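Given chain A, work out where chain B should sit, using these hints.
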Amino acid sequence: MSQTQESAPRASQHQKPKSLWADAWRRLKKNRMAVSCGLLFFAIAFFCFVGPLIAKLLVGLDGTSQNPALGATAPSWSHWMGTDSLGRDMMVRTMQGGQIAITVGLVATATALIIGVAWGATAAYVGGRTDEIMMRIVDVMYAFPNVVFVIVIMAVLDTQSLVVLFALLGAITWLNMARIVRGQVMSLRNQEFVEAARAIGVSNANILFRHIVPNTAGPIIVYATLSIPTVMLLEAFLSFLGLGVQAPQASWGTLVTEGADMIAVYPWILVGPGLVMGLTIFALNFLGDGLRDALDPQTRKD
Amino acid sequence: MLKLLINRLIGGIFVIFAVATFSFFVLRAAPGGPFDDEVSVPEQVQRNIEAQYHLDEPLLQQYGRFLSGLVRLDLGHSMQRPQTVWEIVAQSFPVSVQLGVLALAFATIFGVGLGVLAASRQNSIIDHGAMSFALFGISVPSFVLGPILIGFFSLQLGWLPPARFEGFSSMILPSATLGLIFMGIIARLSRSGLLETLRQDYVRTARAKGLSERTVVWKHAIRLGLLPVVTFLGPAAAALITGSFVVEQIFQIPGLGFYFVASITERDYPVLSGVLVFYSIFLVALNFAVDVAYGFLDPRIRGR
Numbered sequence: 000m001s002q003t004q005e006s007a008p009r010a011s012q013h014q015k016p017k018s019l020w021a022d023a024w025r026r027l028k029k030n031r032m033a034v035s036c037g038l039l040f041f042a043i044a045f046f047c048f049v050g051p052l053i054a055k056l057l058v059g060l061d062g063t064s065q066n067p068a069l070g071a072t073a074p075s076w077s078h079w080m081g082t083d084s085l086g087r088d089m090m091v092r093t094m095q096g097g098q099i100a101i102t103v104g105l106v107a108t109a110t111a112l113i114i115g116v117a118w119g120a121t122a123a124y125v126g127g128r129t130d131e132i133m134m135r136i137v138d139v140m141y142a143f144p145n146v147v148f149v150i151v152i153m154a155v156l157d158t159q160s161l162v163v164l165f166a167l168l169g170a171i172t173w174l175n176m177a178r179i180v181r182g183q184v185m186s187l188r189n190q191e192f193v194e195a196a197r198a199i200g201v202s203n204a205n206i207l208f209r210h211i212v213p214n215t216a217g218p219i220i221v222y223a224t225l226s227i228p229t230v231m232l233l234e235a236f237l238s239f240l241g242l243g244v245q246a247p248q249a250s251w252g253t254l255v256t257e258g259a260d261m262i263a264v265y266p267w268i269l270v271g272p273g274l275v276m277g278l279t280i281f282a283l284n285f286l287g288d289g290l291r292d293a294l295d296p297q298t299r300k301d
Numbered sequence: 000m001l002k003l004l005i006n007r008l009i010g011g012i013f014v015i016f017a018v019a020t021f022s023f024f025v026l027r028a029a030p031g032g033p034f035d036d037e038v039s040v041p042e043q044v045q046r047n048i049e050a051q052y053h054l055d056e057p058l059l060q061q062y063g064r065f066l067s068g069l070v071r072l073d074l075g076h077s078m079q080r081p082q083t084v085w086e087i088v089a090q091s092f093p094v095s096v097q098l099g100v101l102a103l104a105f106a107t108i109f110g111v112g113l114g115v116l117a118a119s120r121q122n123s124i125i126d127h128g129a130m131s132f133a134l135f136g137i138s139v140p141s142f143v144l145g146p147i148l149i150g151f152f153s154l155q156l157g158w159l160p161p162a163r164f165e166g167f168s169s170m171i172l173p174s175a176t177l178g179l180i181f182m183g184i185i186a187r188l189s190r191s192g193l194l195e196t197l198r199q200d201y202v203r204t205a206r207a208k209g210l211s212e213r214t215v216v217w218k219h220a221i222r223l224g225l226l227p228v229v230t231f232l233g234p235a236a237a238a239l240i241t242g243s244f245v246v247e248q249i250f251q252i253p254g255l256g257f258y259f260v261a262s263i264t265e266r267d268y269p270v271l272s273g274v275l276v277f278y279s280i281f282l283v284a285l286n287f288a289v290d291v292a293y294g295f296l297d298p299r300i301r302g303r
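Those protein sequences? They're chains A and B, same order as listed. Start counting the first sequence at 0; every next residue gets the next number (numbering that gives the first Met the number 0). Start counting the second sequence at 0; every next residue gets the next number (numbering that gives the first Met the number 0).
Calculated directly from the structure, the hints in this document are not laboratory data. None of these values were measured; they are calculated from a predicted model. Certain hints may be false.
Said to hold, decoys possible - Simulated coverage check for chain A against chain B, where a stretch passes if three residues somewhere in it have a Cβ under 8 Å from a Cβ of chain B:
1) 143-153
2) 211-224
3) 232-243
4) 251-262
As the list claims (entries may be wrong) - Pairwise CB distance ranges (calculated):
5) Val162/A / Tyr201/B: 52 to 58 Å
6) Thr20/B / Ala198/A: 46 to 52 Å
7) Thr20/B / Phe48/A: 22 to 28 Å
8) Gln45/B / Ala42/A: 56 to 62 Å
9) Ala42/A / Thr20/B: 43 to 49 Å
10) Ile108/B / Ile136/A: 54 to 60 Å
11) Gln97/B / Ala42/A: 57 to 63 Å
12) Ile9/B / Arg197/A: 45 to 51 Å
13) Phe151/B / Ser186/A: 46 to 52 Å
14) Thr20/B / Ile113/A: 25 to 31 Å
15) Met185/A / Leu66/B: 34 to 40 Å
16) Asp200/B / Met185/A: 47 to 53 Å
17) Ser35/A / Gln251/B: 39 to 45 Å
18) Val162/A / Glu56/B: 53 to 59 Å
By construction, the Cβ of each residue, glycine as well, lies at the ideal position given by its N, Cα and C atoms.
Isolated chain A, as found in the complex (with noise of 0.2 Å):
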């Protein structure tokens, strides 16, 4: 968490010794629960990015090369969660799904934050009829049936390519994003910082950019660190459908579709992974609501 540290106003960690931020990490630090999931989140990431390097220097395990004489077996000393039909390491596998997954979590997010935040402050701090618009445009699309909507283009465009996997999941996670923003914002917008910044003549762009979105950091950290969950449970959703990652790699989805049907005889294929991402999603949904309660007080749930 020394990141959110990092990025409070250069300003304020000389002349204010007790900024919102230290503040907030002080209320983080002793929600024991939400701690100890971010840092099982992170031990998760690790596990999946240097897990496979590990696996492959100490005992040559690779995940893709196949072994059909050895085929399902229960998970046993030299493979820690099985192998699957094709006798490939179950653990290796679901390291390698996590890759894509936390990728997808986070590469979606960031883009709906980027559009989010444009989006939802620029509606707030233009205001009048712009904003109208613009937030009509918002609830329009919130009506739509998002993820049919995804699923149809998915299917349209017959494609593997995880760039427009990334792309979608991204469009359709940001309409919240804009509207927190917007919020945000326009109870800013008319504070007496701004009007200090208009009076020595900053320009629009920047009053918006690098004096009102930074005020607005606490509400987007909240939001994006709980939406990474929700785009990975999306991904996996598509490619159970058969529309997301497609094999020979393997996504957290993919892993899970095989072992659902073979869940009567090699049941580990399917518990193995599906337990390593449940528990992803629940750590970064208690990390969200400890985000929430230290950096936004007013809302805390008590």
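Positioned in the frame of chain A, the structure of chain B alone reads:
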């Protein structure tokens, strides 16, 4: 209130129109038609087939035909099955609705129960337990939960049927699978909504009048406290639809989601676009119903 509803109605019709237009043009732009088969047919036959489905007309004319059909609720004819899109919808949607209603009932009963329990004993072990369980429900995806439930209750214990949708016992597992995530969300919403309401002045007044805690919570606070839950029912219906794609696939239930997923691989354009349009009509109608219900629950909105 009336002005608000009319506004929403106009917005809704616009959404349906936008979805219809979008689905028409995107699906026409798709690579690979349903009749590019491996079997080559004589050119005349090919042309006759295309003429039957009006694929030989200019694009704009096809679009006009599509829109005018839409107004008459004519969603076109399936290219793979001997049915019209409307027949497929009419036959399978009731099954999906049944599944969705059961799942939502499950989610609401247990979700509100958990939420109220947690809120009335805030920060106790019961509260933490209930909320952890709610978060667990949100975190376990249905395509993991479903097969595990089948494996345990159907294959291991043999208590419940593993698939199909006939008779009450076969509906328990699919509804629970579909409903668990909503149970989690509803539990969290009703907890925070109720906690906020319990701090309001009118609740203090009710307590000061000497009403029992039960009356205060269940009669006075709950109406306002559950407003977030009512708002959530609109988006929930949308999420139920997508959730049912997975659940109907896992449990082999012949609902609309099942046909929709099948039509993706079959490249059955009329079904794809027809179902997409149908879903958006359904969602618009539901959101509208939620707005009306909102007015009934919150007198402050009705007054406007």
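Structure-based check of each hint:
no.: 1; hint: 143-153; in the structure: holds (count 9)
no.: 2; hint: 211-224; in the structure: violated (count 0)
no.: 3; hint: 232-243; in the structure: holds (count 7)
no.: 4; hint: 251-262; in the structure: holds (count 6)
no.: 5; hint: Val162/A / Tyr201/B: 52 to 58 Å; in the structure: holds, 53 Å
no.: 6; hint: Thr20/B / Ala198/A: 46 to 52 Å; in the structure: holds, 48 Å
no.: 7; hint: Thr20/B / Phe48/A: 22 to 28 Å; in the structure: violated, 43 Å
no.: 8; hint: Gln45/B / Ala42/A: 56 to 62 Å; in the structure: holds, 59 Å
no.: 9; hint: Ala42/A / Thr20/B: 43 to 49 Å; in the structure: holds, 47 Å
no.: 10; hint: Ile108/B / Ile136/A: 54 to 60 Å; in the structure: violated, 37 Å
no.: 11; hint: Gln97/B / Ala42/A: 57 to 63 Å; in the structure: violated, 43 Å
no.: 12; hint: Ile9/B / Arg197/A: 45 to 51 Å; in the structure: violated, 38 Å
no.: 13; hint: Phe151/B / Ser186/A: 46 to 52 Å; in the structure: holds, 50 Å
no.: 14; hint: Thr20/B / Ile113/A: 25 to 31 Å; in the structure: holds, 27 Å
no.: 15; hint: Met185/A / Leu66/B: 34 to 40 Å; in the structure: holds, 38 Å
no.: 16; hint: Asp200/B / Met185/A: 47 to 53 Å; in the structure: violated, 27 Å
no.: 17; hint: Ser35/A / Gln251/B: 39 to 45 Å; in the structure: holds, 40 Å
no.: 18; hint: Val162/A / Glu56/B: 53 to 59 Å; in the structure: violated, 35 Å
Comparing the model with each earlier hint shows violations of hints 2, 7, 10, 11, 12, 16 and 18; every other hint is respected.
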